[in-house]
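Chemist: One-letter residues, chain by chain:
Protein chains: 2
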Amino acid sequence: MHPAELFRHDSDGVELAKGETLFHEGDRGDSMYVLLEGSADVRVGETLVESATSGALIGEMALVDSSPRTATVVATEPCRLAKIDQRRFHFLVQQTPYFATHVMKVLTERLRHMNLLTKTSSVA
Amino acid sequence: MHPAELFRHDSDGVELAKGETLFHEGDRGDSMYVLLEGSADVRVGETLVESATSGALIGEMALVDSSPRTATVVATEPCRLAKIDQRRFHFLVQQTPYFATHVMKVLTERLRHMNLLTKTSSVA
Chain A
1 MHPAELFRHD SDGVELAKGE TLFHEGDRGD SMYVLLEGSA DVRVGETLVE SATSGALIGE
61 MALVDSSPRT ATVVATEPCR LAKIDQRRFH FLVQQTPYFA THVMKVLTER LRHMNLLTKT
121 SSVA
Chain B
1 MHPAELFRHD SDGVELAKGE TLFHEGDRGD SMYVLLEGSA DVRVGETLVE SATSGALIGE
61 MALVDSSPRT ATVVATEPCR LAKIDQRRFH FLVQQTPYFA THVMKVLTER LRHMNLLTKT
121 SSVA
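From first to last, the protein sequence lines stand for chains A and B. 1 is the number of the first residue of the first sequence in the numbering used here; add one for each residue after it. 1 is the number of the first residue of the second sequence in the numbering used here; add one for each residue after it.
Keep in mind the hints are simulated off the structure, nothing from the lab. Honestly, I wouldn't trust all of these hints.
Copies of one chain are not kept apart here, so a pair can be met inside one copy or by any two copies together.
What the hints assert, rightly or not - Using 20 Å as the maximum straight-line C-alpha spacing, the simulated SDA-like pairs for lysine to any residue come out as follows: (1) Lys83 / Asp41; (2) Lys105 / Arg28; (3) Lys105 / Gly26; (4) Lys105 / Ala62; (5) Lys105 / Gln95; (6) Lys105 / His90; (7) Lys105 / Ser54.
Model, not experiment: these values are computed from the prediction.
Using the sequences and the hints, build the whole thing.
Modeler: Next up, the structure:
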């Protein structure tokens, strides 16, 4: 199942115009987002780490461990996002094991990507 | 709750002598482990990325996305570990939401650690 399917009928989502910022690196945040429509750039410092499209999870790290945002997210097209706060997150993890394993998969992919970047930069 | 508590009464765990290898980088693997007793070094190439102690999750990335091991794990003291295969993992995620959120926390910590390493190495 596509992750956006879980939230397709969300009525209190977030809408962003092209060029609008969802959050900045260093911000305090206690919610994550699922990108339902549109696209957004995820940057750590000046580095583009992800071009997020429909179904992407955004900002899940701050939600999982309550620490500041590690990236800045800017809409590159008009976006619609589902907002998931702590309470909803724990409800989803309990009621929808698919959601929990999907979050783990996304974190694991990012970790592999960072491991590769680290190896590449230490070789260079 | 300490993660090792969930598996304290495991009867079919894995035992390692000091110096013994749990798995090598590049190995195929479809299980993760929870370190119940002892300690182990986790190395990516020549780099020591973690000195694992009781409660540590080991090898969860290969279990989540079925790709080869990214690290080599060697016991630095006699170890006892609980082994969690795909079937048990999905059962745990469904029945023990605490376990699912703990795996996410560990992945998030590792990701933050790698982000920091990447920033440090690009500054150096």
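Chemist: If a hint holds in the structure, say so; if it doesn't, say that too.
Modeler: Here is how each hint holds up against the structure:
| no. | hint | in the structure |
| --- | --- | --- |
| 1 | Lys83 / Asp41 | within (18 Å within a copy, 39 Å between copies) |
| 2 | Lys105 / Arg28 | between (24 Å within a copy, 17 Å between copies) |
| 3 | Lys105 / Gly26 | between (25 Å within a copy, 19 Å between copies) |
| 4 | Lys105 / Ala62 | both (17 Å within a copy, 10 Å between copies) |
| 5 | Lys105 / Gln95 | both (18 Å within a copy, 19 Å between copies) |
| 6 | Lys105 / His90 | both (17 Å within a copy, 13 Å between copies) |
| 7 | Lys105 / Ser54 | within (16 Å within a copy, 24 Å between copies) |
Against the hints set out earlier in the document, no violation occurs for any number.
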